[in-house]
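Colleague: Use the sequences and the hints to build the structure in full.
Given next are the chains, with one letter for each unit.
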Amino acid sequence: MNNDTFIIGGHEFNSRFILGSGKYSLRLIEAAVKDAGAEIITLAVRRANTKEQENILDFIPEGVTLLPNTSGARTAEEAVRIARLARELGCGDFVKIEIMRDSKYLLPDNQETVRATEILAKEGFVVMPYMYPDLNMARDLVNAGAAAVMPLAAPIGSNKGLATREFIQILIDEIDLPIIVDAGIGRPSQACEAMEMGAAAIMANTALATAGDLPMMAAAFRQAIEAGRKAYLAGLGRVLTRGASASDPLTGFLRD
Amino acid sequence: MENQFLVDSEYLSPAALDRKHRLETDPSSRVDHMEYMPGMERIESDVCTKVLEQMNAYDYTSYTARDVQAALEHETCSVEDFKTLLSPAAEPFLEQMAQRARLETSKHFGNTVYLFTPLYIANYCENYCVYCGFNCYNHINRMKLTMEQIEKEMKVIADSGMEEILILTGESHAQSDVKYIGEACKLARKYFRMVGLEIYPVNTDDYRYLHECGADYVTVFQETYDTVKYEQLHLMGHKRVWPYRFDAQERALRGGMRGVAFSALLGLSDFRKDALASALHVYYLQRKYPYAEMSLSCPRLRPIINNDKINPLDVGEKQLCQILCAYRIFLPFVGITVSSRESAAFRNGIVKIAATKVSAGVSTGIGDHESKYSGKETDGEAGDEQFEIDDNRSLDKMYRDIAGEGLQPVLNDYLYV
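The listed protein sequences correspond, in order, to chains B and P.
Residue numbering for the first sequence is 31 to 286, as defined by our numbering.
Residue numbering for the second sequence is -8 to 408, as defined by our numbering.
Note that these hints are calculated values from the structure, not bench results.
Wrong hints could be hidden among the right ones.
In silico DSS-like links for lysine-lysine, alpha-carbon gap of 30 Å or less [stated by the list, open to error]:
1. K181(P) x K146(P)
2. K343(P) x K388(P)
3. K135(P) x K146(P)
4. K64(B) x K343(P)
5. K134(B) x K41(P)
6. K41(P) x K279(P)
7. K279(P) x K53(B)
8. K170(P) x K146(P)
9. K81(B) x K279(P)
10. K53(B) x K190(B)
11. K181(P) x K53(B)
12. K134(B) x K279(P)
13. K81(B) x K143(P)
14. K388(P) x K367(P)
15. K170(P) x K81(B)
16. K388(P) x K181(P)
Label pairs and their in silico Cβ distance ranges [as the list claims (entries may be wrong)]:
17. L3(P) x R131(B): 46 to 54 Å
18. V70(P) x G282(B): 48 to 56 Å
19. T67(P) x D278(B): 38 to 46 Å
20. Y162(B) x A149(P): 52 to 60 Å
21. A149(P) x E60(B): 28 to 36 Å
22. Q253(B) x E66(P): 23 to 31 Å
23. E66(P) x A261(B): 25 to 33 Å
24. T52(P) x L207(B): 57 to 65 Å
With the C-beta cut set under 10 Å, the calculated list includes, among others, these residues of chain B facing chain P [unchecked claim]:
25. H41
26. R76
27. K81
28. G102
29. R131
By construction, the Cβ of each residue, glycine as well, lies at the ideal position given by its N, Cα and C atoms.
Modeller: Written as structure tokens, this is what we have:
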């Protein structure tokens, strides 16, 4: 367990909890990072691109890796422009691609996401695409140069948990990149379950932002994620069997 | 008791008075409000029919407390549930509605509240809308800012820290044409992160031009979706054409604008029907243009210069709160703006429930930001206000007050892409 790190784009991380920075008070960011034990924090480039006296960038503690996201992008081209702006703003080379053509559910557009991933990976970005969990698209993302794949568990902000459980499991089983479960995780137990399934990390924001005590919820998530990871490493059997199982043995006709 | 909108100015000539009185008293002297005027673009759209059918069939007295309870239990709010939540039967459930609305707001927006300010650059108007301070028969100080004056105003506002601006004009094609507004947008992009427009409706090409000039969000208030009442209140001018106004948001989106805002002016007609129609206008357009950003406002009638008796009638604060909670539960993803027409106390309360955007440092007059922001007399002339505001808080004060409520004020969350 001591060396249970994971690697994204050549960078090694100990914490498997990626924290969001939206939807809550800037003054709580530092406490949230600390109590979450987070080493990566996401932020919307559009929110950082401000003259405000209180710039969100100033509230993120030293030493934490910034993961700027492209929220607001509706096409690959827009996402690429936002990613480049993030670099100019000094946010580093990591980028989380978020491309939505739907203002209601904010569901990601996988096709545009693959296109943006390809362009940005070539430009040297560490590309972490947010996607709807589709195996074919995930393979395309791998080929496009993604550094991780971030499937959604449920609609963003919904706190509904692992609504796409089966499909995330397929990605975990088939894709040779870290699978980071993003969006929809509403409570620590759901984060724990995703980690037991073999997810590499969890990204959460709304679940914390809407909690009564944000730093305490950050700590709860941290513990749940660590517990789930330990269970996975300890060799927990699959809780659900996947695929069909016939009630009568198919081989029952065989005679010795 | 109905509002008494009609006021005769002593400055009007006998001929003008005669024309005004004829418009007011003789419907046959008014043009057909459902007929497009020359030059107005007509687009193919079924949104209007859908909204009007629902609104006309809406009998809000038919709902019961049981319907309201059921609506509040449903995980997603259907159109029928929304109608229930807008009905009088839901009034006793206001606290439960507020709790639910707050939950939905926090899921989609967390605890953030966006701040913006309007900038009126001209108050000339060719319309006769009887409740509006800018109407062409109202005797007020008219003014149109030059580009130098606009830039000066923008500097004052930008210096206060504001990053989002909403540019407004009266509805005069002659005095404030599209080119003039476009130039103002170009200036605004120098000083602000986001530029919105609230001007007379224009054709798709003009929206495209204004978008290229830097505007990215268009607000058009339909005032009332009750076409008969609309006809009785908007007696003259381009604004009289109801359907052209209705399709404005759709033309704006086709012209490339990123987002559009909607509202009825509550108190003009049956507010429950108008609230239903406003939200359905958003709902159906969102289904057609799913990538567009949408927001709703909720203005109530306010007193104007030369008529301080105008008021929102039966739309009290409780009714307004009910409407906003219902909007939020039905359309959890849309922005909801509450303007300075409302009191500081109301705005402080509603941002914790449903509103996501409030204005600060507001003037609805023309060219008076420096004097209003600094408190000192300036030599420049100023044009009169469109209506009286209630909440006079500056950006600094608003920022502190919002933060004091445990919320996070946000000055910019917008990117031109």
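Colleague: Where does the structure disagree with the numbered hints, that is, which hint numbers, in rising order?
Modeller: Per hint list: 9, 20, 25 violated.
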